[in-house]
Amino acid sequence: MSKRVAIIGIGTTGFRATTPDVSYRELTYEAAMKAYLDAGVQPKDIDSFVATSEDFFEGYSIADEYSPDQLGAVLRPIYTVSGDFIHSLTSAYMMILSGIGPISVAQGLSKASNMLTLSEMVTFAMDPIYNRPLKESPHAVAGLEMARFLYETGTTREQCAKVVVKNKRNALNNPYAGHSVLIDTDHVLNSEVISYPLTQMDISPHSDGAVVVVLAEEETAKTLCDKPIWIRGIGWCSDTPGLETRNWGQAIYAQMAAEMAYKMAGIRYPRKEINFAEINDEFSYKELQHLEAMRICRKGEAGPLTEIGGTEITGEFPVNPSGGCLGVGNLYELNGGHKVFEVVRQLRGEAGKNQLKNVTTGLAQSWRGIPTTTGTVVILSN
Amino acid sequence: MRRVAIVGAGLTKFYRNTQETPKELAYEATKMALDSCEMKLSDIDCVVNGTAPDAFDGVHMKGEYLSDGSGAYRKPYMRHFVGGGTGVLSPIHGWFHVASGMFDTCLVVAEEKMSSAYPHPAGAFLTIFDHTTEQPLYPTLIYIFAIEMNRFMTTHGYRKEDIALVAVKNKKNALDHPSAQIPGEVTVQDVLNSEIMAWPVNRLDISPTSDGAACIILAAEHVARRITEKPIWIDGCGWSLDTAYWCTRDLYYPDYLEVAARQAYKMAGIKEPSKEIHIAEPYDPFTYKELHHIEGLMLAPRGKSVQMLVDGHFNRDGNLPTSPSGGLLGVGNPIAAAGLMKVIELYLQLKGTAGKRQVPGNPTCGVANAWGDLMQVGTVVVLRS
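First to last, the sequence lines map onto chains A and B.
Those letters in the first sequence? Residues 1 to 382, per the working numbering, in order.
Those letters in the second sequence? Residues 1 to 385, per the working numbering, in order.
Please note: incorrect hints may appear among the correct ones.
In silico contact screen, one side only, chain A against chain B (beta carbon under 10 Å); selected entries [unchecked claim]:
(1) 21
(2) 41
(3) 42
(4) 45
(5) 49
(6) 59
(7) 60
(8) 75
(9) 90
(10) 219
(11) 235
(12) 238
(13) 241
(14) 242
(15) 257
(16) 371
Simulated from the structure, these hints should not be mistaken for lab results.
Quantities reported herein were computed from a predicted structural model and do not represent experimental measurements.
Even glycine gets a Cβ: it sits at the ideal position worked out from N, Cα and C.
Okay, chain B solo, but in the shape it has when bound:
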């Protein structure tokens, strides 16, 4: 198995209602990534594209439509998706292309334009539910996540005002992120006083809908060493899907994530994740989700993540900084691009080029995860410098 490194990255600004077409967003991120490591499209052997539902951009076979914008003209090109987990699956899918020995360089592009779904992409989400047993109830994502949050809180005795600290932390971290859509200084009281969407989820517990694109460039070891002095290695990857019949599961713990994390840690040779990992980007489309995922990634014991959060363990200068980028709650959530944004953040942090967001202590090992579909997908990558 060959070692694969990330050698370049590009990220557009995250917006609501961008003027650019999906293809142009993909182009912008791709161009930025190529420029970041002084590569040309002719140096790229293959392209993978990650983008979630077609209904957002309103284009059937969206992968085909995005191909030339993603730099795939007359190249081997493949699109993959696992709902919200797509962003972190993208580097994994790119990793196969290079680790298998088929290609030396691979462009990994993730794009989402949610504003095309008018007036709100929540309408497109209705069609993710089972046509017979669930759609007639007109569920929304916020309803089902409220169920999950409630179960998580009830099982561990967590309080809403403590979970709200995730929004406070992430929105503050995002103040330093140039791509951020809704950074800000908010207080716990602001979160609790914001509109209740479906109890216990308030408006400020939720990440926004966004448009944006992200891109990274992968290279095999012998090529990576020629491109950059400090390649960041993909040392572990894991992914899994739980059953689509989500009503049959106990939602308090993300089994799908533990399975994926164990696969990734095994590949990376990590035995004690909470000690060996220095920095994490857990997927945080909702405040409670960051804590849920910190537990699923085995970075905190079950039922203990909130206390660690309150103690400042997960702050940018804490023992284990989580979402130093500002996460989805601060930077924004163009589904697939948001997942890849998390991987890009780790890349910058491990490289030591995250600027104002740089966490102290020269981290050398980081983990990112994403989650999606009907609360059933876990995708995990472990990066090392």
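Pulled out of the complex, with its shape left as it was, chain A reads as follows:
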């Protein structure tokens, strides 16, 4: 691939537990306006758009019909990806490489506070014949997976609790975060057990918000932007959707997506060549499991590394300096959007009190949540 592509504009509404004052369309509008302003473009300058939505989350069938207006994309090339935000980012990236035009936009949205029966809805994602009749709650699936992960790697519940403490504390200094709090590990371990070993505090609470990202190919990016953030590697992968056929202990999807991205970016030793990561931590153990899957830690080492503070903002490999899903909130299909947004902020040096020093390469990773085994990875450099 000859062309390089950069992120030249980002915009968000911030992430709050509830947003009764705005509709989902207004959320996207706000994020889009900020991103376009940040990139110095107007909708007419943009060649293609990609929206992200999943019908049941939005409460609409074919929810893509409500995508064009608030992005300024009426009668323009726009379509919807029903995946993670990073899937949409990938689509926008591929459109630029395919020669559709030099500027492309990806949008993602979460209005989770509108969902009254979230748990029942997620159950509808299970295979209707083999899995749904079991009436398992999504948290039961997470509990089983956590138990298997702890067993296979020797990770402890305390180490998982440490992830929660770290991420919620990091979120205190992030003005966009919706669930920041200062707690200790006892607080996590003593909270209500939802599905052993998973407790209430191990689960990330949901948030509302929107993210819009503007991408451009090299020449345009250099003209429009002082601090383009380059996409160096991108990867995505789906393992099996069936509960009965998957590997419960390891995140194969994250491993394969990361290897694809590393190959593209020419990265051989991720721990050395990447400075920090924003990793999906919808459940506390997921951060550790994903770190190991992506070869940032060896098997069983992510827990101890967290325990000694190696993944703190001040540690040797900071993970989720923004606060992650645990501190910012679970954003469903927007999870990847928040991760990309934070990595770009760090690489531009705009992360405020959470700013890491001398960072040049960051990784954003996402997972589509229970019951899927779909993961996405993008590696960015300044």
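Keeping the supplied structure of chain A fixed, place chain B upon it in accordance with the hints.
The following block gives chain B in isolation, referenced to the frame of chain A:
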């Protein structure tokens, strides 16, 4: 930009109430496509899936559920949708994957199982409307399409008995299609005498609800030439969405389609579509829609498509055969799969392997389009042999 070709295709039979699960339908089409060009799943680099609302199959995150049935196990896999336009967006989305240089081969799968929505998928369609301004009125798709058809007829002075010829033509064409759900010899009088659903739409003006899946395999030029002697090239693609506030638009002309078609024609280097295109598969979920789209694709001047239809211009042996497959009116309408079925028809026709459906004159350039959402999506691909 790399050239991308279609090298294989598979299509299940279209049915109402199939016994297969959505996943099995996707598997069947995928297997057929792989077998058609003697490829294995290990030759496939990535998979894209197109399928419209989750409410049809009744599965949340339907793309995830369909992934292994679509051959995506441990592969890069992405689902996209634009309502009814999804079927023709699928090859476009697959095209990005290959044209961008990221992958050499891509499996494109489209699936829909509408019969899971019981008793009728029309119920699932209620939730496509705006929750505040439209849902309280309990609209159905047939109501809003009746409005559009009426506007189209009134503006151009078209008569219902002429538009009914589309159903006659397409259902007859479908007699030769092995996947067809409701082919038949019907007359204009049959269409006019069928039950009125919402005037001016009669029952035989509408395509059926169906279950089915379709699959094509895309390959970059250097790979395509090794797989087949006659690759069919995707030379142009275009897509666009008009505003969701459809009440604010003049419905007599499909602007969304003209925008998408211009994008596709520009990419394919087509300056005079009505002369350079030999065969078309315009999206025909309703009889008037085929004519509406023929005008939007600029294959007929505005207000002239009905006269051309009456003159036999669009018959299988006419100057510009449209819907030689039998279209949605004859073959059936499993939303996303129906759109891809149209692209597969062009692929077979341009390859010269459409059997009894083969149009005369060795066509070398074809166009297909699909349409959907709140009458706002246009997706267009141009294929060349």
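Hints versus structure:
no. : hint : verdict
1   : 21   : 16 Å, violated
2   : 41   : 19 Å, violated
3   : 42   : 18 Å, violated
4   : 45   : 16 Å, violated
5   : 49   : 9 Å, holds
6   : 59   : 7 Å, holds
7   : 60   : 6 Å, holds
8   : 75   : 5 Å, holds
9   : 90   : 7 Å, holds
10  : 219  : 16 Å, violated
11  : 235  : 7 Å, holds
12  : 238  : 4 Å, holds
13  : 241  : 5 Å, holds
14  : 242  : 7 Å, holds
15  : 257  : 8 Å, holds
16  : 371  : 8 Å, holds
Of the hints listed earlier, those the structure fails to meet are numbers 1, 2, 3, 4 and 10, in rising order.
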